[in-house]
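Residue numbers (the working numbering), protein chains in the order written: chain A, 333 to 767; chain B, 333 to 767.
Derived by calculation from the structure, the hints in this document are not laboratory data. From the three backbone atoms N, C-alpha and C, an ideal C-beta is built for every residue, glycine too. Each hint should be verified, as a subset may be incorrect.
What the hints assert, rightly or not - Partial list, computed: chain A residues near chain B (C-beta under 7 Å):
| id | residue |
| --- | --- |
| 1 | I339 |
| 2 | L340 |
| 3 | R343 |
| 4 | D367 |
| 5 | Y368 |
| 6 | Q369 |
| 7 | A371 |
| 8 | A372 |
| 9 | A376 |
| 10 | T503 |
2 protein chains.
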Amino acid sequence: MHIVDIILKKRNGGELSAEEIDFFIKGYVSGELPDYQIAALLMAVWFRGMNTRETTDLTLAMTRSGDLVDLSAIHGIKVDKHSTGGVADTTTLVLAPLVAACGGRVAKMSGRGLGHTGGTLDKLESIPGFSVDQPMERFREIVNRVGLSVIGQTANLVPADKMLYSLRDVTGTVDNLSLIAGSIMSKKLAAGSDAIVLDVKTGSGAFMRERKDAEALARAMVDIGNGAGKKTVALVTDMNQPLGNAVGNALEVREALEILKGEHPGDLKEVALALASWMLILSGLAADETEARQALEEALSSGEGLKRFRALVEAQGGDGRVVDNPAGILPKARRVIPVKASADGYVSSMENAEIGMSALLLGAGRQSKTDVIDPAVGIWMKRRLGDRVKPGDVLAEFHVNDEKNLQEAMQRFTTAVKITPKTPEKNPLIYRVVE
Amino acid sequence: MHIVDIILKKRNGGELSAEEIDFFIKGYVSGELPDYQIAALLMAVWFRGMNTRETTDLTLAMTRSGDLVDLSAIHGIKVDKHSTGGVADTTTLVLAPLVAACGGRVAKMSGRGLGHTGGTLDKLESIPGFSVDQPMERFREIVNRVGLSVIGQTANLVPADKMLYSLRDVTGTVDNLSLIAGSIMSKKLAAGSDAIVLDVKTGSGAFMRERKDAEALARAMVDIGNGAGKKTVALVTDMNQPLGNAVGNALEVREALEILKGEHPGDLKEVALALASWMLILSGLAADETEARQALEEALSSGEGLKRFRALVEAQGGDGRVVDNPAGILPKARRVIPVKASADGYVSSMENAEIGMSALLLGAGRQSKTDVIDPAVGIWMKRRLGDRVKPGDVLAEFHVNDEKNLQEAMQRFTTAVKITPKTPEKNPLIYRVVE
Numbered sequence: 333m334h335i336v337d338i339i340l341k342k343r344n345g346g347e348l349s350a351e352e353i354d355f356f357i358k359g360y361v362s363g364e365l366p367d368y369q370i371a372a373l374l375m376a377v378w379f380r381g382m383n384t385r386e387t388t389d390l391t392l393a394m395t396r397s398g399d400l401v402d403l404s405a406i407h408g409i410k411v412d413k414h415s416t417g418g419v420a421d422t423t424t425l426v427l428a429p430l431v432a433a434c435g436g437r438v439a440k441m442s443g444r445g446l447g448h449t450g451g452t453l454d455k456l457e458s459i460p461g462f463s464v465d466q467p468m469e470r471f472r473e474i475v476n477r478v479g480l481s482v483i484g485q486t487a488n489l490v491p492a493d494k495m496l497y498s499l500r501d502v503t504g505t506v507d508n509l510s511l512i513a514g515s516i517m518s519k520k521l522a523a524g525s526d527a528i529v530l531d532v533k534t535g536s537g538a539f540m541r542e543r544k545d546a547e548a549l550a551r552a553m554v555d556i557g558n559g560a561g562k563k564t565v566a567l568v569t570d571m572n573q574p575l576g577n578a579v580g581n582a583l584e585v586r587e588a589l590e591i592l593k594g595e596h597p598g599d600l601k602e603v604a605l606a607l608a609s610w611m612l613i614l615s616g617l618a619a620d621e622t623e624a625r626q627a628l629e630e631a632l633s634s635g636e637g638l639k640r641f642r643a644l645v646e647a648q649g650g651d652g653r654v655v656d657n658p659a660g661i662l663p664k665a666r667r668v669i670p671v672k673a674s675a676d677g678y679v680s681s682m683e684n685a686e687i688g689m690s691a692l693l694l695g696a697g698r699q700s701k702t703d704v705i706d707p708a709v710g711i712w713m714k715r716r717l718g719d720r721v722k723p724g725d726v727l728a729e730f731h732v733n734d735e736k737n738l739q740e741a742m743q744r745f746t747t748a749v750k751i752t753p754k755t756p757e758k759n760p761l762i763y764r765v766v767e
Numbered sequence: 333m334h335i336v337d338i339i340l341k342k343r344n345g346g347e348l349s350a351e352e353i354d355f356f357i358k359g360y361v362s363g364e365l366p367d368y369q370i371a372a373l374l375m376a377v378w379f380r381g382m383n384t385r386e387t388t389d390l391t392l393a394m395t396r397s398g399d400l401v402d403l404s405a406i407h408g409i410k411v412d413k414h415s416t417g418g419v420a421d422t423t424t425l426v427l428a429p430l431v432a433a434c435g436g437r438v439a440k441m442s443g444r445g446l447g448h449t450g451g452t453l454d455k456l457e458s459i460p461g462f463s464v465d466q467p468m469e470r471f472r473e474i475v476n477r478v479g480l481s482v483i484g485q486t487a488n489l490v491p492a493d494k495m496l497y498s499l500r501d502v503t504g505t506v507d508n509l510s511l512i513a514g515s516i517m518s519k520k521l522a523a524g525s526d527a528i529v530l531d532v533k534t535g536s537g538a539f540m541r542e543r544k545d546a547e548a549l550a551r552a553m554v555d556i557g558n559g560a561g562k563k564t565v566a567l568v569t570d571m572n573q574p575l576g577n578a579v580g581n582a583l584e585v586r587e588a589l590e591i592l593k594g595e596h597p598g599d600l601k602e603v604a605l606a607l608a609s610w611m612l613i614l615s616g617l618a619a620d621e622t623e624a625r626q627a628l629e630e631a632l633s634s635g636e637g638l639k640r641f642r643a644l645v646e647a648q649g650g651d652g653r654v655v656d657n658p659a660g661i662l663p664k665a666r667r668v669i670p671v672k673a674s675a676d677g678y679v680s681s682m683e684n685a686e687i688g689m690s691a692l693l694l695g696a697g698r699q700s701k702t703d704v705i706d707p708a709v710g711i712w713m714k715r716r717l718g719d720r721v722k723p724g725d726v727l728a729e730f731h732v733n734d735e736k737n738l739q740e741a742m743q744r745f746t747t748a749v750k751i752t753p754k755t756p757e758k759n760p761l762i763y764r765v766v767e
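Based on the provided sequences and hints, a complete structural model is requested.
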């Protein structure tokens, strides 16, 4: 087998065999194939695409490139959840304790990565003492006992993805459906769960701004998951405004706790419950959405979800009192600055990625891998799309420590939130379920 | 300027500016831009193509990447000629002395490279003593005095082409019109002549098998040449059978000498005179093809062309007696083996590349850069397309030293030459002149 033949085959519109895909992934990871040949192949893939079979084979070849997490010591069906990323998108902190409370098993490995706020790992680490570095043995033990655990990815999880992503990033080949789907799903498959629920975001704060692109990505990932023998479902959900109110690490923990206490209705809760419902269905713990929803509401009202959250925090070395007294335990910013509306009308649109960027500028996220996150800072949204506002009304609170970028953050935020005389059309919260 | 932006622009179908093209060529040659980014860009160029302006700018940027040959010390208009390569295609040895005899100035730099026989350099080196390594000063002096000289390319002529070609070769991006045209024309432009006549071959022995591809390449190269301020013309000529009779290095010198002596009519002479005519026209030494042809026939019949050939050989250290006694001076193979027809009918087609491959197997060419050419060996064709043959008629003579690959060479040759009951349609020798 020769790599040039494989490049030419794809370039000329051919379908690569599982063996050919395996050959180039193995060769690249082992260092036998140079990056310039893989770069040319990736560009050919960008132009020609990959069909469902090729995409699944690519994902499986990537999955096999490193360690496979063995969750067999955990009893029951293990269910994982993944979001393609959004603003104020802290669904995991809400749904994982609830799913655990209903008998589900959530053994979650997360990556860090760049973004307007940290990922689930960073959010949990804002709780004093909480550690995401747990040995595999202990991870499995926590899931068996508490029903959930969240740890960092092992170093050798899907090295092919790390290498391919770095190469795509510098060769203009990031935005290809098969490569994106393969990147996400290879990590999910390697992480060892039996079922996977995907939350594919679309809108002004999502990687896939267009709904049709998000749906295509959802379809591709569900096909890969099912093709690899995992029960997989994707929800395509709205990201045209921050999903919750909190954009920031400790702030998002606070909001998740409020929801788990039943004090905080809204879109974040709705999406979390929808995803959790499908996690229960795929785990065989509920027959349909109605039954799942009932069980989840029960876990909320009984306080069992909150109990699981506390158990998780304590199992991973954190201060469990955060559940009773989040304001006292979580880090707090020095100043809370209101950002006010200057016009009269309706909140008609939000350039959501810019709201995320404002939070990042306050210190809530990472622009480069070496950036250090400030867990205390961020934005607490006070208004949602369609809300009526008058000049002087508070649109959001900025939680600030370092004021270096405050002015730019404010300016980007106020430019991002459009106020017009007419009320906007309302987007559905959940566009579609892809099974 | 960022290389990823340039990759994305081309990938998305944009037109690269002269500055962007210059940036990536300079960056690649200097080592600032890594090969994987250039590989991705080349693949994007393969898919999107380059328009005439981009192709010319690419060629000019490549030309500037190394030394530019200064021919200003040579009096008169310097005219160069390039063939895209064919079998028994020794036009340079015929036309350069004739053009010189008519007052033209042919300062020719050639490369070596792979192929079924050597290039012009290798052919001339089959003459005992002939050296293609002449200092630039001496090169210009010979051209001024004799009217022609042929030397090897300086080491630093268009390094961008060497680098890009090596990369294209291993990334499936060889067969793109702009990249092929840029590769050829950058070397012609750097070589410093004022006018360029191109011989673009098409048919079973050519890189461009299809006439339309050859015509497109001719168009692209003429546009580049004219865009760069050089008078440029291309002839699209037939390569569906060996152009001359001789396929091999010393054998081709012999055939060229026979033509210069007026003893050897045929297609090689016709194509050489057609190319030479355009060289005279572009040099301002003839008003049109009729006038040019007349001057060239005069140079043939007067023996002035032959005299120039001898002067060239002697100026570059070779044995001038080769002109009077080629058989005695040139290296000869140990055995001459006739290859005979086994069927009755007409020579209806030749898989010409396979005839070249047969000569290569006898030792006349190079498959890898380190192969050593045997100047004596090769094939002397005895029949042409359309000839009537009977079983036992000699189709060709194999001039053989090392018999290691003889059987394979014979077999490939006899498979390549098809004999059928019907006489084939005759192809034109010159399909088109592209000005």
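These are the hints, each one checked on the structure:
The interface hint given for I339(A) holds, since its Cβ lies 4 Å from the closest Cβ of chain B, which is under the 7 Å cut-off. A distance limit of 7 Å between C-beta atoms decides the matter here; for L340(A) the minimum to chain B is near 4 Å, and the interface restraint holds. With a least beta-carbon distance of about 5 Å to chain B, the hint placing R343(A) at the interface is held under the 7 Å criterion. The interface hint given for D367(A) is met, as the beta carbon of that residue sits about 4 Å from the closest beta carbon of chain B, less than 7 Å.
Interface hint at Y368(A): satisfied, since its Cβ lies 4 Å from the closest Cβ of chain B, which is below the 7 Å cut-off. Because the beta carbon of Q369(A) sits about 6 Å from the nearest beta carbon in chain B, less than 7 Å, this interface hint is met. Hint status for A371(A): holds, given a least beta-carbon distance of 4 Å to chain B, under 7 Å. With a cut of 7 Å, the hint placing A372(A) at the interface with chain B holds, because the nearest CB-to-CB distance is about 4 Å.
For A376(A), the shortest C-beta to C-beta distance to chain B is roughly 6 Å, which falls under 7 Å, so the interface hint holds. Evaluation of the T503(A) hint against chain B yields a held restraint, the C-beta minimum of about 4 Å falling below 7 Å.
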